[in-house]
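Undergrad: Protein sequences, first through last, are from chains A and B. For the first sequence, the residue numbers in our numbering are 755 to 956. For the second sequence, the residue numbers in our numbering are 755 to 956.
These aren't lab readings, by the way, just hints derived from the structure by calculation. Be a bit skeptical, because a hint or two may be false.
To be verified - Pairs of lysine-lysine, BS3-like flavour, derived with a Cα cap of 30 Å:
1) A:K818 <-> A:K808
2) A:K808 <-> A:K864
3) A:K864 <-> B:K818
4) B:K864 <-> A:K818
5) A:K864 <-> B:K864
6) B:K818 <-> B:K808
7) A:K818 <-> A:K864
8) B:K864 <-> B:K808
9) A:K813 <-> A:K864
To be verified - To spell it out: a stretch of chain A is covered by chain B in this simulated footprint if at least three of its residues, at any positions, have a beta carbon under 8 Å from a beta carbon of chain B; those stretches are:
10) 861-871
11) 926-935
12) 938-946
Since we're looking at a predicted model, the values are computed, not measured. By construction, the Cβ of each residue, glycine as well, lies at the ideal position given by its N, Cα and C atoms.
These are the residues of each chain, in order.
Number of protein chains: 2
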Amino acid sequence: MPMTNQPAVRRGRGRRPADEVRADVLRTVGEVLLAEGSADLTFERVARLSGVSKTTLYKWWPSKGALALDGYFHAVEPTLAFPETGDIRADLIAQLRAFARVMTETSGGKVLAELIGQSQTDPDLATAYRTLYSAERRRLAGERLQAAQRAGQIRAEVDVQVVVDQLWGAVYHRLLIPDEPVTDEFVLALVHNLLDGISGRS
Amino acid sequence: MPMTNQPAVRRGRGRRPADEVRADVLRTVGEVLLAEGSADLTFERVARLSGVSKTTLYKWWPSKGALALDGYFHAVEPTLAFPETGDIRADLIAQLRAFARVMTETSGGKVLAELIGQSQTDPDLATAYRTLYSAERRRLAGERLQAAQRAGQIRAEVDVQVVVDQLWGAVYHRLLIPDEPVTDEFVLALVHNLLDGISGRS
Chain A
755 MPMTNQPAVR RGRGRRPADE VRADVLRTVG EVLLAEGSAD LTFERVARLS
805 GVSKTTLYKW WPSKGALALD GYFHAVEPTL AFPETGDIRA DLIAQLRAFA
855 RVMTETSGGK VLAELIGQSQ TDPDLATAYR TLYSAERRRL AGERLQAAQR
905 AGQIRAEVDV QVVVDQLWGA VYHRLLIPDE PVTDEFVLAL VHNLLDGISG
955 RS
Chain B
755 MPMTNQPAVR RGRGRRPADE VRADVLRTVG EVLLAEGSAD LTFERVARLS
805 GVSKTTLYKW WPSKGALALD GYFHAVEPTL AFPETGDIRA DLIAQLRAFA
855 RVMTETSGGK VLAELIGQSQ TDPDLATAYR TLYSAERRRL AGERLQAAQR
905 AGQIRAEVDV QVVVDQLWGA VYHRLLIPDE PVTDEFVLAL VHNLLDGISG
955 RS
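The shape of chain A in the complex, shown without the other chains:
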C-alpha cells in the first residue's frame, strides 16, 4: 500500500478513521461524475485524486460500477432529499424538479442512463445498481409518501411503490428513450395527473 504515507491520508495526525477516508473517496468520485460523467473515471485516477491506495479502493468497491454508484448516491443525496412542508403536492414538485435538474443539467442523467444500460447485460452491475442506488432511493421516496398517507393526503390503500414508478419511473422513461423531453411542464403534469386523476368523470 504505497500511498498510505501521502498527505491526503495522514495530514500529520496519524491514520484517519476508515469512515472518513471512505467519505473522502465518495466525495471525489461524486465530483468527477457530476462534472464530467463516468468515461474517465478509473481506479487509478480516484486513487491519485483521493490519496487512497488502489488495494483499499478495490477492497471497498469491487468494480468501477459499484464505486460510481456509491459516489453518485452520496453526491446527489442532499439535492434529492425530500422536503417535508406538510404539503405533499408542493413537496413532490420540489423534489421532482431537483431530480429533473440533476438529470438534465449535470452529467448525472448520462451517468445513470449508461449504468442502467450496461446493467441490462451485466448482472453484477445490475445488483450493484439496486443495492447501492435504486433500492435506497425507493425507500426514501416511500417514507415521504407514507408520511403523506398518515396525514390523509394520499389514500391509505395506495401502494406507494407504484407511485414511485409513475413519478420518478416516468422521468427515467424519458431519459432512457428520449422521444419526449424532460421539461418543467412534464414534472408538473406528472404530479397533478397522479394526485388528481385524469378521468373526466370522477
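Given chain A's structure and the hints, the job is docking chain B onto it.
TA: Below, chain B without anything else, positioned relative to chain A:
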C-alpha cells in the same frame, strides 16, 4: 444474390413483390426474437431462414438493431393493438395486461431491455429504437387516449404523452431496474391510480 432461386423466394411464380419478401423477413425475425431473444440473431441466420440474400437484408436494415426492432414491432403489433370497447379503463387494463405478458412471458422484455441498454452508448441504435419502435408505439397509445378525451372519459387538458410515461413508462422502469416485479396487481394499480388520482382529499 445467390439465393434468389431458392423455393422460399420464388415458389414457382417468379420474383415476389418486395413488400411480401420484407414481410416474410420481419415475421422470421419476430419469431426468433420472441422465442429465444436476440443473442443468436444474425444477418446470416435470417438470410438462411428467409431465403433472402444478405445484400438485400443490409439494403433494407443497416444494422442488426434496426432489423431486430422492425421485426419486433411487427411481431407484437397485433398483441399490443388497443381495444376500443368505449370504456377507456377496461381498454387500458386489457392492453397493459397484454403488454406486461409480452414483457414477462416471452423473450420480448429481455430483447427490448437489451436494445434500450445498448442504445445508451450507441446513437445509431438509439435513433433506430425511436424511429422503428417507440415513436410509433407512442403514436398508437396517443390515438386511443385522444379518443377517450373526445368521449369525455379523460379530461381535455391532459397531455396524453405524459400518460404514456405514467403507464407504459412505469412498466419499463420495473423492467430496466427490477427492484419490484411486474405483476397483475401492478398493472391494475397503474390504471386506477392515474384515472382516479391518489389524493386523499379531492
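Undergrad: For every hint, state whether the structure bears it out.
TA: Against the structure, the hints:
| no. | hint | result |
| --- | --- | --- |
| 1 | A:K818 <-> A:K808 | holds (12 Å) |
| 2 | A:K808 <-> A:K864 | holds (26 Å) |
| 3 | A:K864 <-> B:K818 | holds (24 Å) |
| 4 | B:K864 <-> A:K818 | holds (24 Å) |
| 5 | A:K864 <-> B:K864 | holds (22 Å) |
| 6 | B:K818 <-> B:K808 | holds (12 Å) |
| 7 | A:K818 <-> A:K864 | holds (16 Å) |
| 8 | B:K864 <-> B:K808 | holds (26 Å) |
| 9 | A:K813 <-> A:K864 | holds (27 Å) |
| 10 | 861-871 | holds (count 4) |
| 11 | 926-935 | holds (count 8) |
| 12 | 938-946 | holds (count 4) |
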